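Q: Residue numbers (full-length UniProt numbering), protein chains in the order written: chain A, 1 to 222; chain B, 1 to 668; chain C, 1 to 138.
Since the hints were made in silico from the structure, they are not lab data. One or more hints might be untrue.
[Said to hold, decoys possible] Cross-link-like lysine-lysine pairs, in silico, BS3-like; alpha carbons within 30 Å at most:
(1) A:133 x A:209
(2) A:133 x A:103
(3) C:6 x B:561
(4) B:81 x B:3
(5) A:103 x A:132
(6) B:495 x A:32
(7) A:188 x A:127
(8) A:27 x A:127
(9) C:28 x B:134
(10) B:218 x B:28
(11) A:43 x B:388
(12) B:217 x C:127
(13) A:103 x A:209
(14) A:43 x A:127
(15) B:81 x B:58
(16) A:133 x B:128
(17) B:81 x B:53
(18) A:132 x A:27
(19) A:185 x A:132
(20) B:218 x C:127
(21) C:124 x B:275
(22) B:283 x B:495
(23) C:6 x C:28
(24) B:275 x B:561
(25) A:209 x A:185
(26) B:429 x B:388
(27) A:32 x A:43
(28) A:32 x A:133
(29) B:275 x C:127
(30) B:58 x B:128
(31) A:133 x B:218
(32) B:58 x B:280
(33) B:53 x A:132
(34) B:217 x C:28
(35) B:385 x A:43
(36) B:302 x B:388
(37) B:28 x B:3
(38) B:81 x A:43
For clarity, every value in this text was computed on a predicted model and none was experimentally measured.
Read off the chains here:
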Amino acid sequence: MADRSLAPDTPELRERWGGFAFTEANKAHADKVIARYPDGRQKSAVMPLLDLAQRQVGAETDTQGWLPLPVIEYVAAYLDVPVIRVLEVATFYFMYNLRPVGKYHVQVCGTTPCMLRGSDAIMEACKARGMKKGAVSEDGLWTLTEVECMGSCATAPMVQINDGNYEDLTPERLDAVLDALAAGKDPKEGTQEPGRHTSEPSGGPTTLKEMVSENHDYRSQW
Amino acid sequence: MPKVTVDGQEIEVPNGATVLQACELAGKEIPRFCYHERLSIAGNCRMCLVEVKPGPPKPQASCALPATDGQEIRTDTDMVKTAREGVMEFLLINHPLDCPICDQGGECDLQDQSMMYGRGATRYEENKRAVTEKYMGPLIKTIMTRCIHCTRCVRFSEEIAGVDEIGAIYRGEDMQITTYLEQAASHELSANVIDLCPVGALTSRPYAFEARPWELKKTWSIDVSDAVGANIRLDSRGREVMRALPRINDAVNEEWLSDKGRYQVDGLSRRRLDKVYIRKDGKLVPAEWNEAFAAIAAANPKGSIAAVAGDLVDCETMFAAKALLGALGSDHLEGRQTGLDYDCSNLAAVNFNSTFEGIENADAILIVGSQVRWEAALVNVRLRKAAKRGAKIFVVGPQWDTTYPATFLGEDAAVLHDLPQAITEAFSKAERPAVIVGGGGLAKGALHPALAFAEQFNLVREGWNGFNVLHMAASRMGGLMLGYAQKGGIGNIAKAKPNVLISLGADELDYGAFADSLKVYIGHHGDAGAHAADIILPGASYAEKDGTYVNTEGRVQFAEKAVFAPGDAREDWTILRAMADALDVSVGFDSFAELQSAMIAAVPALGEEGLADFGQLPNADASIRASGAISYPIADFYMTNVVARASATMQRCSSELLHHDDLKEAAE
Amino acid sequence: MSFLGKIFTWWNGATIGTSLFTMRRGEKVGTDAQGNTYYRSRNKRDMTTAGSYIGAERRWVIYEGANDASRVPPEWHGWLHGSFDDVPESYLPPAKIWETEYVPNATGTADAYRPQGALERGGKRVKAVGDYEAWTPE
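Use the sequences and the hints to build the structure in full.
A: Okay, structure coming up:
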């Protein structure tokens, strides 16, 4: 599992993030999320709001974003929830970054199916580009994390970079993706295997073959 | 009423009972760590596994499984035994084997249950997890490596105390119990998590490495730090009280105890009065008992003597003083040291009539001038329960941090005569409305307006009495029952200018008003009273004498003597008895038993443990008007009585938690 | 030591009887750091005739000063009690630098150990159960 710990509570951190507040747009979105829950249950909105806050921090720092303590406190105050309850949530889910990350947070899946399909080579490829686990690379672009199963086993190995999944990787395909990202381009998400659309069997479907091109009616064969 | 079979024994269990409770009813012990009767069900320790049919063919956590009709529960099968062994083995994987240096040793659930239900030996050879210690304030010592993540402390602070400050951060094996940024836990009941912790992760900091549970003599006593009369157990070794723990009494303190009641006991060995002092030429010098008695006799006390009872004295002491004064032809008795002079002609009007258990069921509560959290922390727990059940709570007085939603109606007591619509609405609809008048309200003459309020909204009805007065002194109700209340209060006594003033541990008294009297202080701690006294006679504290106490509900309770008083100090009644001889009068008792029977003959209610019956509420006197801004009498929760003021632990709590002096220890 | 002292006291060194016996039958073996002298019987016939040492060589010590058995250092103790045959200098390995000098039992002397709280150490002790701090008017 990823090694997680809170960023220390320093005066610099307080100074940088003490004045954090949602932007107008985010505030409107936050209130919309809160309105989904019944009166008095506003604390149910803690997870979307933490995510929103993390994205706003990301936008302000041009990274994926993370959750400094003052921001967690802001969310707690926004929801009128004791801050320890919000901290519990923020430290529980790995999608909330507790330390600063780079512009691209590369999460390499290292669980068994990906490992069998060559995630070690993917990891090496990342490290060869100067990424270090749990640290921001010198150019501020990359943070590498090894994560457990992301649920894309059919298209293993995969990495998740910020909000996108990149699947069916080889070191070369990963390099292509990373190069494109570094160049500010928007590489295609999902499988990187030519000819494959999503997670269908590689080499084409083995069942329901007629469904590929059209909506076939199988009922006559029942 | 579902019928279930537990190990072949068929029993009927109440609706809504869990399988664990059903097993308990059948007399089967179910091991548990996270389950606690007074907390919500978490179901995360998995120790309470039993076999239940019908159901999946695997052990089930009995604490979280409702008992339903026709269930067949087995607690004695091999499956259950292996399941328990397995759970215990997992729990012990990351639990250090440091019982010999652990303060919980000897009273540890994990220790006991691993002996009872665990495997004989460990198979674990890998490294164990270690967790850094967390700072939780001056009372709670943490050794978080021992934590088994039962989350009882988290649930206690959230559900009972109402102060969300403890939480579980990170997850899985990395889960850690902590306060936010390791701030000190700073509510009045924080130390109860020490009792709740089933292992040695949260232990008592002041008591750390002091004693082992099996060395201690356990004495049943009553807490005197407030007027709740919490039932406590004093654990003593030799001549010293080592700690105080709550006893279970659902009617009074459930199983909680305020931090002050728990930790003021170290004050019992500091600033003690252990010899007789007489003021000579303006200076107190050590003297002999007979010199002191001769000096009192020389002051001509006959007919001109007064007694003022302090906040911590027992009924027997007060009765002995009353008997002495009676023999000397005086009835100048008073217990309300700060000068309150509310009407005590009918004790029902100054009693907490709803009872603590009853107030939980109230659905509209008006608090007049009481900062309940500090004046009676355990009553605040009850109010919080009432609020959780939907009670509307209003407070007259300055703002304080209630742990439940409450509406503040301003500081002026006159609001009682001009009620806002919200109140009238809530109270006219309420089925069990209640009013609580505190010391701050009594000082502004709110007693009769509150009685009028009770009449107006019919607070006394079939099976319900919603009129309550919340006192702060352990001796108050007993004193009122024994007649320690003058019309006109303490001012009346000062006006009488007695030759001799006997102060029974009265430290809140303004002794300046008694400049011409010979002030005799009978008490156990050197505080304001001892400094002002002309003669000091060393007495016994609540831990050092048998005694009867009456709490603010009028509940008569008996405390036992745990240790002997230090030095020359004597039990208070013996001092008064000896003084009677020196003054050549007869008080009519020669032993504690005789004193008690004389007291019970005079006030029969004191002879029976339990609630005293004070009869009907009096009619309100509409001519008495409440007015003025209410202020709360307690300025510092941790410093309200002489024992607490002498206690190093309470001083530290006060400076660190209330005044935020930076005393935080370097991380250990 | 005065002649009269030798006649009437027994607590320092050998009495006259022991000195005569030693002169007649004893063979000096060695001296320890404190000056105690060790002897064994010169004649093989003088074997011990009692206890578990029957048939063993007879060995004894004459103290230089007080007759205090704890003044025999461990190495000579071993020889005296028959743990080894040779004298310690030849039998035992040389002393290590970290070995401290042997000190006889100091009980009853001014050097005796006094526990914390003893009056000889000022009577100050750590807090114990039942201690209390008394109030004084000052």
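Q: The structure should be examined with respect to each hint, and the outcome stated for every one.
A: Going down the list of hints, with the structure as the test:
1. A:133 x A:209: 43 Å, violated
2. A:133 x A:103: 15 Å, holds
3. C:6 x B:561: 67 Å, violated
4. B:81 x B:3: 25 Å, holds
5. A:103 x A:132: With a Cα-Cα distance of about 14 Å, the restraint between residue 103 of chain A and residue 132 of chain A holds, given a limit of 30 Å.
6. B:495 x A:32: Since the Cα atoms of residue 495 of chain B and residue 32 of chain A sit roughly 69 Å apart, the hinted pair is violated (cutoff 30 Å).
7. A:188 x A:127: 22 Å, holds
8. A:27 x A:127: 39 Å, violated
9. C:28 x B:134: Distance ~71 Å between residue 28 of chain C and residue 134 of chain B Cα, so the pair is violated.
10. B:218 x B:28: 27 Å, holds
11. A:43 x B:388: Roughly 17 Å between the alpha carbons, so the hint for residue 43 of chain A and residue 388 of chain B holds.
12. B:217 x C:127: At roughly 20 Å apart (the allowed maximum being 30 Å), residue 127 of chain C and residue 217 of chain B satisfy the hint.
13. A:103 x A:209: 42 Å, violated
14. A:43 x A:127: 40 Å, violated
15. B:81 x B:58: 12 Å, holds
16. A:133 x B:128: Between residue 133 of chain A and residue 128 of chain B the Cα gap is close to 24 Å, so the pair holds against 30 Å.
17. B:81 x B:53: 17 Å, holds
18. A:132 x A:27: Roughly 35 Å separates the two Cα atoms, so the pair is violated.
19. A:185 x A:132: Between residue 185 of chain A and residue 132 of chain A the Cα gap is close to 23 Å, so the pair holds against 30 Å.
20. B:218 x C:127: 22 Å, holds
21. C:124 x B:275: Since the Cα atoms of residue 124 of chain C and residue 275 of chain B sit roughly 23 Å apart, the hinted pair holds (cutoff 30 Å).
22. B:283 x B:495: With a Cα-Cα distance of about 27 Å, the restraint between residue 283 of chain B and residue 495 of chain B holds, given a limit of 30 Å.
23. C:6 x C:28: 21 Å, holds
24. B:275 x B:561: 20 Å, holds
25. A:209 x A:185: Not OK: residue 209 of chain A and residue 185 of chain A at ~35 Å, beyond 30 Å, violated.
26. B:429 x B:388: Within the cut-off at roughly 18 Å; holds.
27. A:32 x A:43: Holds. Residue 32 of chain A to residue 43 of chain A sits at ~13 Å (cutoff 30 Å).
28. A:32 x A:133: 37 Å, violated
29. B:275 x C:127: 21 Å, holds
30. B:58 x B:128: 29 Å, holds
31. A:133 x B:218: Not OK: residue 133 of chain A and residue 218 of chain B at ~57 Å, beyond 30 Å, violated.
32. B:58 x B:280: 82 Å, violated
33. B:53 x A:132: Not OK: residue 53 of chain B and residue 132 of chain A at ~53 Å, beyond 30 Å, violated.
34. B:217 x C:28: Given that 30 Å is the threshold and the Cα spacing comes to 66 Å, the pair is violated.
35. B:385 x A:43: 21 Å, holds
36. B:302 x B:388: 57 Å, violated
37. B:28 x B:3: Within the cut-off at roughly 16 Å; holds.
38. B:81 x A:43: 41 Å, violated
Hints 1, 3, 6, 8, 9, 13, 14, 18, 25, 28, 31, 32, 33, 34, 36, 38 from the list above are not met by this structure, while the remaining hints are.
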